[in-house]
Amino acid sequence: MRILTIVKQVPDSNATIKIAASGTAIETAGLKLVMNPFDEFAVEQAIQLREKGQPVEEIVALTIGDDKAAEILRTALAMGADRALHVCDPTLLSHDEVYLAEILALAIQKQPQPFDLILTGKQAIDMDAGEIGPALAEFLNRPHVGAVVGLEISGKQLKARRRVEGAEEYMEVELPALLTCEKGLCEPRYPSLPNLMKAKKKPLDTLKAADLPGVEKISRRSELVAMQPPAARKGCKFVEGEPAQMAKELVRLLREEAKVV
Amino acid sequence: MIILIFAEQRQGHRHGAVTQLFTAAQAISADAEIHVALLGHQLNPVAAELQKYPAAKIYGVDHAELELYRPQPYVQALDAVLKQSKPHLVLLPASFMGRDLAPRLAARTGAALATDCIAFTPQGDSLIVTRPVYAGKATAQLKLAADRLKICSVRPNTFAAAAPTSGNSAVEKITVNFDAATLRLKNNQWASTSSGVKDVTEADIVVSGGRSLKNADNFKILYELAAVLDAAVGASRAACDAGYQPHSRQVGLTGKTVTPKLYLAFGIDGAIQHLAGMRGSKCIVAINTKKEAPIYNVADYGCVADLFTMAPLLKSEFQNLLGK
Ligand SMILES: Cc1cc2nc3c(=O)[nH]c(=O)nc-3n(C[C@H](O)[C@H](O)[C@H](O)COP(=O)(O)OP(=O)(O)OC[C@H]3O[C@@H](n4cnc5c(N)ncnc54)[C@H](O)[C@@H]3O)c2cc1C
Ligand SMILES: Nc1ncnc2c1ncn2[C@@H]1O[C@H](COP(=O)(O)O)[C@@H](O)[C@H]1O
Chain A
1 MRILTIVKQV PDSNATIKIA ASGTAIETAG LKLVMNPFDE FAVEQAIQLR EKGQPVEEIV
61 ALTIGDDKAA EILRTALAMG ADRALHVCDP TLLSHDEVYL AEILALAIQK QPQPFDLILT
121 GKQAIDMDAG EIGPALAEFL NRPHVGAVVG LEISGKQLKA RRRVEGAEEY MEVELPALLT
181 CEKGLCEPRY PSLPNLMKAK KKPLDTLKAA DLPGVEKISR RSELVAMQPP AARKGCKFVE
241 GEPAQMAKEL VRLLREEAKV V
Chain B
1001 MIILIFAEQR QGHRHGAVTQ LFTAAQAISA DAEIHVALLG HQLNPVAAEL QKYPAAKIYG
1061 VDHAELELYR PQPYVQALDA VLKQSKPHLV LLPASFMGRD LAPRLAARTG AALATDCIAF
1121 TPQGDSLIVT RPVYAGKATA QLKLAADRLK ICSVRPNTFA AAAPTSGNSA VEKITVNFDA
1181 ATLRLKNNQW ASTSSGVKDV TEADIVVSGG RSLKNADNFK ILYELAAVLD AAVGASRAAC
1241 DAGYQPHSRQ VGLTGKTVTP KLYLAFGIDG AIQHLAGMRG SKCIVAINTK KEAPIYNVAD
1301 YGCVADLFTM APLLKSEFQN LLGK
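One line per chain: the protein sequences are A and B, in this order. The first sequence: position 231 = 231 (our numbering), numbered continuously. The second sequence: position 311 = 1311 (our numbering), numbered continuously.
Treat the hints with care, since some could be wrong.
Below, simulated SDA-like cross-link-like pairs (lysine to any residue); rule was C-alpha separation at most 20 Å, straight line [what the hints assert, rightly or not]: (1) B:1143 - A:95; (2) B:1261 - B:1136; (3) A:234 - B:1136.
Coverage of chain B stretches by chain A, computed from C-beta distances (three or more under 8 Å per stretch; other residues unrestricted) [said to hold, decoys possible]: (4) 1063 to 1074; (5) 1091 to 1104; (6) 1134 to 1147; (7) 1168 to 1175; (8) 1303 to 1311.
It is worth saying that the hints were derived from the structure and are not from the lab. Where a beta carbon is used, it is the ideal one built from N, C-alpha and C, also for glycine.
Generate the whole structure from the sequences, applying the supplied hints.
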């Protein structure tokens, strides 16, 4: 089995987000960048399949991103991936996730050998789109299961459990397939120091637009034109008094002022 | 302009956000011609309900292969509807199904896509959409290309539900022959995890508790309050990780995103990752002993008080109010 994990570098979830003067990006100075948390599940799951005795020949990590994004590929290698691919070309950056999925599909098809299993995160916690996994599966014309919280593989047969509103679904498919990984699937490991050192020697190849003939025919469908801070909330009204008075007053406010009950 | 609404249903239950899409469509264009796509199996009861809403056309694909959701047959069926309806814009709920299906449809049809939209501004033939990004710490405006089909999933509870009218458009049936290759993936089972209580993503009111509830048993006071309000119970990650509540009820960055009318947070600190999942709620109430707790930065109403005292008091106040 050959596994591809698709990863993105994003600001840490604790980061304070400030809009840059351009109005179309965020301030990046001092921003802590990490591997998208849902993508950590993807990398971890791939490694665990190998550790649990699946015949995994190769685990590859792939990203599209700027120079700095190589850091998360090193993280993936330190966690246990065998090699990494970095699509790194300023002309290919975009906030159009369907466009990125089409580029990823092209990069995957150019690989000498196909992947039986592709793992992505459920969504990237910067743009919160959750588009690339399903879009990539469509471009590659293969089945996908979204938001997977449980996985079993025996031979070529894959069983995945996914979470939906108020229920879980039990899906089954013969490989090849693509899964988007949701919290609950596994617990990502922290790479150890020796593994971080070893990761520096693992292969990491960079791909430019010129290495992806045909990429120039892929066009953007949407463009990010502005960013703003969220609409300000009106501030908290503190209800005062003894608990019993507070409860009475709060219920009155919710009925008469907020009109939500 | 033709706007096609994806009328998501599961097991004959229409998703609560579907009727909100009619309001969204009318807000985008007052004279929009609204079409509806209904996919599934044995759809007559859902179709009958939908016929009460103001649609010029309802397209139905009723097929045994569509009984349980699977992305590939659904995208093929929806594409078949698109070929008849020829919409300029497709609206779906930003639900698990809508968010799973829309990207495949965009990839298949060459459409421009935006997820979880909260506002729309047409600009000539292009469409500017607003959507929350960075877990609600910012919003972004995307411009969807003029010369393409546009597909948008809409954040639940952003638009009010449309009221049923006396409309009675006929359902046009579309036949689809599914490609065998797209039927490889099986959906073996849909199993409810809610054991009778509403899911956090589906309820109009969510009552949530944090680590401070101290154990699973204590959540009983929140369930009792929720029962009076017909609400769902949610929890912080700390409460789920400690085993007080199942992970299916976790609200936040790595849990579910909820946008109810009313979100009541009991003993939840308001970590940025928790806010990520609930700051889009219409009205937020916080009950927390610590006045500096960050939850109060997003709350509309606050009670600096002990949750164990407040929850039962609120339960009886709501009982009085609602006559329960
Ligand atoms: C990558 C990542 C993802 C995460 N994803 C999520 C997520 O999806 N959802 C999530 O919730 N968290 C998430 N977290 C965790 C988050 O950072 C917080 O640790 C968590 O939300 C804290 O939960 P809490 O508010 O219940 O607990 P605490 O932080 O322990 O807060 C308890 C609060 O209860 C108050 N309190 C105590 N006793 C009482 C009482 N008797 N009455 C009233 N108030 C009382 C306290 O004042 C305090 O404010 C994530 C963290 C990371 C790093
Ligand atoms: N620039 C990127 N390069 C590689 N993979 C990405 C990139 N952006 C997103 N992904 C993958 O697609 C998933 C969903 O991302 P998104 O659709 O952007 O929310 C992520 O969890 C990643 O696995």
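Here's how the hints hold up against the structure:
no.: 1; hint: B:1143 - A:95; verdict: 11 Å, holds
no.: 2; hint: B:1261 - B:1136; verdict: 17 Å, holds
no.: 3; hint: A:234 - B:1136; verdict: 16 Å, holds
no.: 4; hint: 1063 to 1074; verdict: holds (count 5)
no.: 5; hint: 1091 to 1104; verdict: holds (count 9)
no.: 6; hint: 1134 to 1147; verdict: holds (count 12)
no.: 7; hint: 1168 to 1175; verdict: violated (count 0)
no.: 8; hint: 1303 to 1311; verdict: holds (count 6)
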